[in-house]
Structure formats: C-alpha cells, structure tokens
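Please build the complete structure, drawing on both the sequences and the hints.
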Amino acid sequence: MRFFWPKGGWKRAFHYVQYRLRRLPDSSQKISRGIWAGLFTTFTPFYGLHFITAAIIARLLKGNILAALLATFFGNPLTYVPIGVISLKTGHFFLGTDYVPTEEGGKSILEKFLDAGADLQQNILASFNSGETDWSRLEIFYREVFFPYMIGGILPGLILASLGYYLSEPIIRAYQNRRKGFLPDPVRAALISQEAGADGITAHLREDRRHIVDQDIASIIEAINIPLNFEMAATDEMQKIALNHTPHAVCIVPEKREERTTEGGLDVVKDEYNLAQYITPLREKGCRVSIFLAADEKQIRAASRIGAQVVELHTGAYCDLHYEKKFEERNAELSRLTEMASLAHSLGLEVHAGHGLTFETVSPIAELPEVVELNIGHFLIGESIFLGLREAIIKMRELMDKARL
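In this text, residue positions in the sequence shown follow this note's numbering: the first is 250, and each later residue adds one.
Hints are computed from structural coordinates only; laboratory data are not their basis. As the structure is a prediction and not an experimental result, all values here were calculated from the model. From the three backbone atoms N, C-alpha and C, an ideal C-beta is built for every residue, glycine too.
Here are the simulated distance ranges between beta carbons:
hint, residue 1, residue 2, range
1, Gly535, Ser595, 22 to 28 Å
2, Pro419, Pro476, 26 to 32 Å
3, Ile475, Gly297, 58 to 64 Å
Take a look at the structure:
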C-alpha cells in the first residue's frame with residue numbers, strides 16, 4: 250500500500266518536492282529547464298530509467314539535474330495509467346495502427362510489459378543453458394506498446410514540459426528574490442561608498458541571486474551618480490538584464506554554483522567565438538565590456554580579438570601568496586601581473602584589477618601605471634565590521650592614491 254500512498258500522504262510529498270525545487274541553488278531558468286526535462290521524461294517508455302533519462306536531457310539543455318530528477322515524480326502510481334493511455338493512443342494515431350484497450354480483449358500495458366520481461370529473462374537464461382529462445386512477446390511489446398508509446402509521448406510530453414517551464418520559471422524567480430529579504434540594503438552601502446570617495450560601484454548579480462537580486466540593480470543605478478560596473482555570467486538571462494538597465498560597464502565573469510565568490514578568470518580562448526557574439530549587443534547598447542581573466546597572455550590576446558574594451562586582471566593568486574608568506578612566489582606573480590598589464594595596454598585595452606585585495610596588498614597593484622581601476626568589495630565589507638564602511642573605504646582610497654603618486 251505504501252507504493253500507492255507515501256508516508257505523510259501525496260499532499261505532503263507534493264509540497265516537499267515543490268519546496269526543494271524552489272530552494273535549489275541555481276538560476277530560475279536553469280531550474281525550470283531541469284523541470285522541463287523531468288516532466289518530458291515522464292512521457293517516455295523508459296520505466297526504471299527515468300532518472301537517467303531526465304539527467305541526460307537536463308545536461309543537454311544545460312538545466313539543473315536535481316530539478317529534473319525531482320520533476321520525474323510527476324510520473325507516479327496515480328499518473329502512470331493516464332500517461333500511458335494518452336501516449337499509446339496518440340502514438341497509434343500518428344502511426345495509423347490500432348490501439349486495442351484491455352476491455353475489448355487486448356492485454357493491459359502492464360501484462361505486455363511483464364510478457365516482454367519474461368521473454369527477455371527466458372532468452373538470457375537460454376544463452377547459458379542451450380535452451381530455445383522466443384522473442385514473440387517482446388516483438389509484440391515493441392510493436393504494440395514501446396514504439397507507439399515513444400512516438401505518442403513526444404507531443405503531450407512537450408506540451409506538459411513547456412507548461413511546467415513557463416509556469417515554474419517566474420514563480421521560482423520571484424521566490425528567490427523574495428527570500429533574500431530587505432537587509433542589509435545594498436543601495437545604502439552604495440551611497441555610503443559614493444560619499445566616502447569611491448569612483449564607482451561594482452555589483453555582481455549571480456544566477457542564483459545569492460548576493461543581490463534583480464531589483465537591487467535598478468535601485469542602485471537610480472540612487473548613485475557614479476558609474477555602475479555590472480558583474481555577470483555570460484548567460485542569456487544576464488545579457489537581457491544588462492541590455493535593459495544599460496550600466497556604464499559590464500564585466501563578464503565565470504560563475505560556478507558551488508563557489509562562495511568568483512574564483513579564477515574567464516576562459517576566453519575556449520569560448521572565443523561565442524563570447525564575441527555575446528558582447529556585441531552590449532557594446533552596441535553603449536556598455537563598456539570588461540572581461541575578468543587571469544594574467545595570461547593567450548587570454549588577454551583573445552579578449553582583445555573578441556572586441557572587449559577592458560580586461561580586469563585577477564589578483565587573487567598574488568594576494569593568497571602574500572598571506573601564505575610565500576614571498577618569492579608572490580613577487581613572481583606580481584611581476585607576471587605587471588607584464589600582462591603592459592601587454593593589455595599595448596593592445597589598446599583598458600586595464601583594471603581586482604579580487605582579494607586588502608590594505609596590505611593593494612599598493613603594489615595600484616602602483617602599476619597601466620591599471621586605472623581597482624575593484625575591491627569583499628575585504629571592505631569585512632573590514633567595515635571593525636572600522637565602519639565609510640572609514641574602510643577612505644583608508645583604502647588613501648592607500649591607492651598614495652601608491653599612484
């Protein structure tokens with residue numbers, strides 16, 4: 250009985266799946282693409298393999314795999330019969346064959362599944378004991394059930410999956426935005442930073458909205474009178490948001506779901522053609538396009554080729570080596586940053602730098618003549634606990650200005 254009625258009832262099971270889907274750490278579009286994959290899978294005849302099928306489809310669609318697995322629970326003992334009947338009738342209609350229901354003398358779908366399984370088991374055993382093989386029931390199953398089911402499940406599967414996508418995406422997006430709360434207010438932080446002497450504000454809208462939400466971008470742009478540097482992953486969703494708000498600058502960064510903050514630079518060489526196509530509408534709309542990358546010659550030259558106007562050099566390795574007291578390696582990394590800043594400048598690129606910079610590590614980077622902008626966020630917010638945000642920014646600004654003299 251537990252097979253048909255889960256512990257806690259179907260209502261509780263439904264709410265649990267709904268809760269897990271909403272809280273998945275990914276963008277609403279990726280989660281909904283995963284839901285699409287899972288719902289479509291329920292209309293396929295691959296019983297016992299629905300998890301694997303859904304995961305493969307989600308991977309192809311670049312959707313959330315866990316969302317796909319959860320969505321397959323739409324196929325359950327209460328829905329398998331109507332799904333099977335709809336798929337079979339539709340398939341036989343498209344194929345021009347006859348669907349014979351059980352009440353008119355035909356075997357049930359379950360009986361045909363069992364017959365096919367018995368044939369398969371018998372034939373496997375026959376290969377070991379020299380017995381006779383018989384594929385007749387398996388052939389009937391394929392002709393009358395499997396193939397019509399597979400063909401007939403495509404249309405209703407597409408309809409259900411598409412409905413699931415378009416209904417779930419705005420709900421998940423709204424939920425992700427809502428659960429962030431209102432405090433601390435990033436607009437207030439931006440205004441304090443502006444008043445303390447910051448030349449610009451950098452805001453990273455992640456796909457999973459873990460830091461700020463969509464409305465924060467609009468609110469910050471409206472509130473400040475200094476440039477906004479909009480950090481984002483190279484996704485269609487983020488491009489649409491950037492084109493809608495047209496910030497002063499857009500910085501393309503790599504993004505991984507499991508990271509706490511941006512780690513590593515963008516691999517421009519690997520995706521050069523697509524990135525060139527991606528940034529074109531941003532430039533046409535008037536946004537200065539920056540690429541966040543490691544201090545690597547191949548990556549810098551690739552950034553120049555795709556039409557980026559700015560490169561932001563990743564200073565994380567340099568800062569980590571400093572605090573690990575590996576000073577020789579730190580100095581080597583600083584030399585590499587110096588050389589790559591010079592190369593980028595010679596290619597006509599504006600040079601920025603950032604990631605991990607602190608009061609101790611900022612001066613050597615600020616001294617580089619090619620570097621015209623430093624983006625510092627995490628350290629200043631952390632230091633504001635002890636000094637206050639305004640005081641932390643003023644101190645950082647003094648160190649930067651002193652290094653430039």
